[in-house]
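Visitor: One letter stands for each residue in the lines below.
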Amino acid sequence: MKIYYLLITFVLLVLSTKVIAQETNAQESQYFQVLGEGARVLNEFVVSCHDTNLDDSEWPKLNLSQISEYKNYCIRIPVNITQGEVPRYTILRAIFLGSAKFYWDGKYIADKGKPGFDLNSEKVGAMEMTMPLSQSELSQGQHLLSIELSTYHHIEDMHSIYYGMILTSKNIKQGFNFQQKIIPLMLSGAMFLLAVFFALIYFLYDKRPAFIIFSFLCLFSGSLIALEVIKYFWNYPWDFHILRLRIIILNVLLTGIALIAYYLFYYQVKQKLIWLSLSLVSFVSLALFAPSYDLKSLSIFVLALMISLLINTLAYKQKQPSSSVHLSILVAGFMLMVILPFSFIDKWFAALFSFIALANLYSLMIQLGHERSMAMQSLRLEAQMLRRNLQPHFLMNSLTLIVEWVETEPKLAVKFIDALADEFRLLNSMSQQKLVPWSNEKTLCQKHFEIMQYRYQKEIQLNIEVEESDFLIPPAIIHTIIENAFSHNRIKNGDCFDIQISTSNTVQIKITTPFRNKNHQGTGIGEDYIKTRLMESFDNNWILNSESKGDIWQTDITFPLIKNIELGKED
Amino acid sequence: MHIVIVEDEPVIAQRLKRQISQILDAEKPTIKWFDDIEDANDYLEMQSIDLLMLDLNLHGENGFDLLKNLSAQSFHTIIVSAYSEQAIKAFEYGVLDFVAKPFKYERLEAALTRFTDKTSHAIHELKQLAVKKHNGLSFIKITDINFIKADGHYTQLHYSQLNLDLLEFALHDKPIDKLAMLLPKQFVRVHRSYIVDINKVVELKIGSGGSYQLLIQGGFEVPVSRSRYQEVKSLLS
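So the protein lines, in turn, are chains H and V.
Each residue of the first sequence is one higher than the one before, counting from 1 in the numbering used here.
Each residue of the second sequence is one higher than the one before, counting from 1001 in the numbering used here.
Extracted from the complex, chain V is given alone in its bound form:
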């Protein structure tokens, strides 16, 4: 497990490092510390990591810039900041948790548990997801998303805006496993490669050869894996 800490005060960085090592002892994490956004950015461009612990004010620069600049954001982020009023904005960026300074060991542990426990959902209701488009960062409302499909290390977000039937899709940087952890409860993993908003399912179809499909608003059909059929069926009835 590879963790990066971005924090400009060495004593706090040390504290984070020590406590993270303690909490994630079983995972044997390698932890790297940067006290500057530029250096961290350079590193993250080259290395793929699992978790970023990010401070928001680094020598007067905004920590969010780091999240904006990175072309691939396949890792989870936990913000550790003194500016607790920034929490809402942070969740819009799809961070896993927001730990306010000064922090207790138990609070950090809770945040890290959310990271290690793959079945947990984000503590904060995610309202929108950031996607990168040619003209910069744009946001898609969670309620607009009909279903999500894995696409290599990325995910396709299929959504319809303004309740139109017209379906659009955008690429999100996180792999489907990590994204699943951020989404609210109505998003159900129906297949290894699909997550569906259960409220937008029109019909459960049984196909030939014992295959199952969900008909989603807008006319798309999404496969349901056999192992998850019972669960999906009970959720729909």
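Same shape as in the complex, but just chain H:
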């Protein structure tokens, strides 16, 4: 079963991340040329920068990816167009973190902000510059792209601020890449919706920390995905890019912390603060000291996953509910990291987070359902216990006895009413508990036995042998057996009810009661009650055997020993 979980989630993850990560191979252009080969660069603006006739062979060559911060450049790029005729709508695209002025064959064509000599004279432009060039401008042969470029508006040393410059024919239909934009948008929308949903659940339904943390987890992963796709919709100023990357790192960090906090609260792990502060410290140090932004988010993400994996493994060992599902998702995520290339990091990790969020949603729903049925079950058990003394046969016959004795033997009536009141009080106090001290159960059985002695006016005996009386037992289970013996059998003088209890690491109870009703097999509702109670407290760690042995009915119950530590509560 768990293997299937793992397989299914893994396949789903691979498919979805594949879909989200598809980017470059979907973009086919009729014309595509990377510019920058053989660029000559001066570290100052010169008047002759755009002169087509200038011999720049003396100028130093520079790989454009080495353009760095707080400088100004004059860049001359030779462009050799080999194709006779380039398609219409061929554009020049330039993406880098800097302001620039572009000239084609010595003629000014476009701006990307305004380059300057220092912070004051430089004006920031958009991240990406696109400029269509006419077919005549792009005639076959040698051309010159010259650029004045400055990079003063940086707030930190980025190491890599040049992303590329290309000539490309733009197909308008391809401009809108469905997978690239819509799926992340949908994902982030879903995450925001989940965030609101769980915030509402927290505030209006059940103030459990796991809910509000989950709400934040959804909020953070939603905004993380949104921050990734924002670049497709907003050509923001290039000095905002670094701020965006910082916000992303902060977001990754918050998401990681929220993920860990969620698992800590979900599994109710002890020492949450230690876990959280340790993770926070390591995340912050990764955010500060990892060499690049991609590495920062990757390392934080990997660490968050590993810590979550650890928490889930511990939970799985403790057989916590839903831990197998979470574990499968996380393991699948880990395997994905090995399989998928590093370059996809900013795409698929958001997707993986969405999957984790969905898994959490799933298990929260399972948990809600489980808790609801548990609550219903304990209400049902409680009602069943309380109803016991309200059953017509018990109640009305007892009242008839009282009527009789009030008229004939008032003192006996008082004693009988006393015993009834005691039993009812005990049942009432025990009905809301899942486990009660043995002493309470014993008193309840003795009271019931006393009442039945009054009713049937027979010489009968209740023998209880207990090795160790300090243990907990589900309420009224032995009471049920005794009650059943009375209500389904003809009780005769000299009948014996025996209860023997031995304890080791389990509690073993053997009960024998008279058995004369050959028509009646099993104990029906009574047995159902006992089983449900045992299930409620011990899951499947119990044994119940119930069978006739000649003219006695023997019931054997075994369940784990839980010591009653709260001795003060004992009567």
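Everything hinted at is true.
No farther apart than 30 Å at their CA atoms in a straight line, the calculated lysine-lysine pairs in the BS3-like style are these: (1) H:Lys-458 x V:Lys-1017; (2) H:Lys-531 x H:Lys-317; (3) H:Lys-411 x V:Lys-1104; (4) H:Lys-415 x V:Lys-1017; (5) V:Lys-1141 x V:Lys-1233; (6) V:Lys-1017 x H:Lys-492; (7) H:Lys-458 x V:Lys-1032; (8) H:Lys-411 x V:Lys-1017; (9) V:Lys-1032 x H:Lys-492; (10) H:Lys-442 x H:Lys-549; (11) V:Lys-1233 x V:Lys-1200; (12) V:Lys-1032 x H:Lys-411; (13) H:Lys-458 x V:Lys-1104; (14) H:Lys-492 x V:Lys-1068; (15) H:Lys-415 x V:Lys-1104.
The set of hints was computed from the structure by calculation and includes no laboratory data.
Based on the hints, put chain V in the right spot on chain H.
Guide: Here is chain V on its own, set in the frame of chain H:
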């Protein structure tokens, strides 16, 4: 008068016994108590009795089983039970009364009076009568019965189902005197051996020699005794 109490709780049985003796003091009843259905059944198979006081829950067994099992049910039954919701079912079995536990002396007295007063009708409208057929107990609707004829210790129920004219008849275990007490008011004793549903009379005929007959739906003729002629005539007019 012979009375049997079937009740599994001795104190309640004692109470019943004491109060019945008190109420029926004049009849000098002999009262026998059983706390188990089997024993009671064995006894009732051999002995004919007048009244059965029956509890419905005896060590988890159903008191109705006793009524089902008995081959002859010539006695009246009064149920004394904690399960008042069983009353309707009880009346279907043709019991005389249903006394809910816990009961007062006055309530028991009322039930027993219904038993001793031969002219009284059942307090509860009897809806159907149980008859034993080879395949077990079956029920005949009271409204289907046209007339009833005494047949030794039994009675013949003449009835037509689904308003058909086709007459059928079945044997019921109670003698006509006891059955008369259970039936609703429209059933009139027109003769020592006949009870008629007055609503199903077609015609009152005067025969030769001053004899009277009632023509019943379905074509049967039922004699009317001279002593009851006036009463029957006034009921029909």
